[in-house]
Amino acid sequence: MRLFWEERSGQDLDEGSIGSLLEGYRAAMGEPHLAPVRDTIVGIRNQVRNAGLEFSILELGAANGSIMHVLEDTVGLENTRYFGMEPWQPFVEDFSSHFPDQTMIRANIDDALELLSGDLRESSFNICLACLVFCMIDPTRVRKFINLAAKICDCFIIYDINLNVLGDPDDEKVQVFPFNPEMIQFYFANPLDQMLKENGFKIAGSWDMPAIRNTMGWKTYLAVKANL
71 MRLFWEERSG QDLDEGSIGS LLEGYRAAMG EPHLAPVRDT IVGIRNQVRN
121 AGLEFSILEL GAANGSIMHV LEDTVGLENT RYFGMEPWQP FVEDFSSHFP
171 DQTMIRANID DALELLSGDL RESSFNICLA CLVFCMIDPT RVRKFINLAA
221 KICDCFIIYD INLNVLGDPD DEKVQVFPFN PEMIQFYFAN PLDQMLKENG
271 FKIAGSWDMP AIRNTMGWKT YLAVKANL
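71 is the number of the first residue of the sequence shown in my numbering; add one for each residue after it.
Among the hints, erroneous ones may be present.
Taking lysine-lysine and the DSSO-like style, the derived pairs with C-alpha atoms no more than 27 Å apart in a straight line are [claimed, not checked]:
1) K221 to K267
2) K267 to K295
3) K221 to K272
4) K214 to K289
5) K214 to K272
6) K289 to K272
7) K221 to K289
8) K272 to K295
9) K295 to K221
10) K289 to K267
11) K295 to K214
12) K267 to K214
Rather than coming from a laboratory, the hints here were simulated on the basis of the structure.
With the hints as constraints, model all of the structure from the sequences given.
The structure is reproduced here in structure tokens:
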């Protein structure tokens, strides 16, 4: 995870390549297949704002905050609070240059866990957003993150590999699968449904996502508090 996520190992990125990468990620949430995800986030935002409350997002593995560009272009950022955690410095700097009044910090999963159990433990957020990030994190840390985030977030929106989310083939053991084997890169398929249930959340909806690197079975999940 550290090599591929934090250090971009093997990608040989020069200044021009970094610029193109930043531009692509900036526009990522605007891709057609993510329309239901955008609509859901905007819908939650509208409900919160119509109630006269501040709208807030906590995002893990935030890249350069593509969802904020979507919100800025569609509904505006008035009374919106965003806290992003991202381990790659160019993403953090790019976000800060576009949204100086919002918060993005350089943080890996261990830093995020420390924040959730420390400085953020008294915070509250409408949405916890994690797109293509839990698959890069081992199940022990994913479970810890969900345990902590569930205490301060109203719902989860998770874009991840579909394998094993519902505990098939195994709701106790994580599954590991090759994603980019030529670079010795493997991903985790975490039993997310079980992890969410442990914290009083249930999966309330899902949307199929396209294949990535010929790896099938990606989805985005909306999880809400089970007592609602």
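Tested hints:
1. K221 to K267: holds, 13 Å
2. K267 to K295: holds, 9 Å
3. K221 to K272: Given pair K221, K272 holds - Cα atoms ~14 Å apart, limit 27 Å.
4. K214 to K289: holds, 22 Å
5. K214 to K272: Judged against 27 Å, a Cα distance of about 17 Å means the pair holds.
6. K289 to K272: It holds: about 15 Å lies between the C-alpha atoms, which stays within 27 Å.
7. K221 to K289: OK: K221 and K289 at ~24 Å, within 27 Å.
8. K272 to K295: OK: K272 and K295 at ~6 Å, within 27 Å.
9. K295 to K221: Roughly 11 Å separates the two Cα atoms, so the pair holds.
10. K289 to K267: holds, 18 Å
11. K295 to K214: It holds: about 18 Å lies between the C-alpha atoms, which stays within 27 Å.
12. K267 to K214: holds, 13 Å
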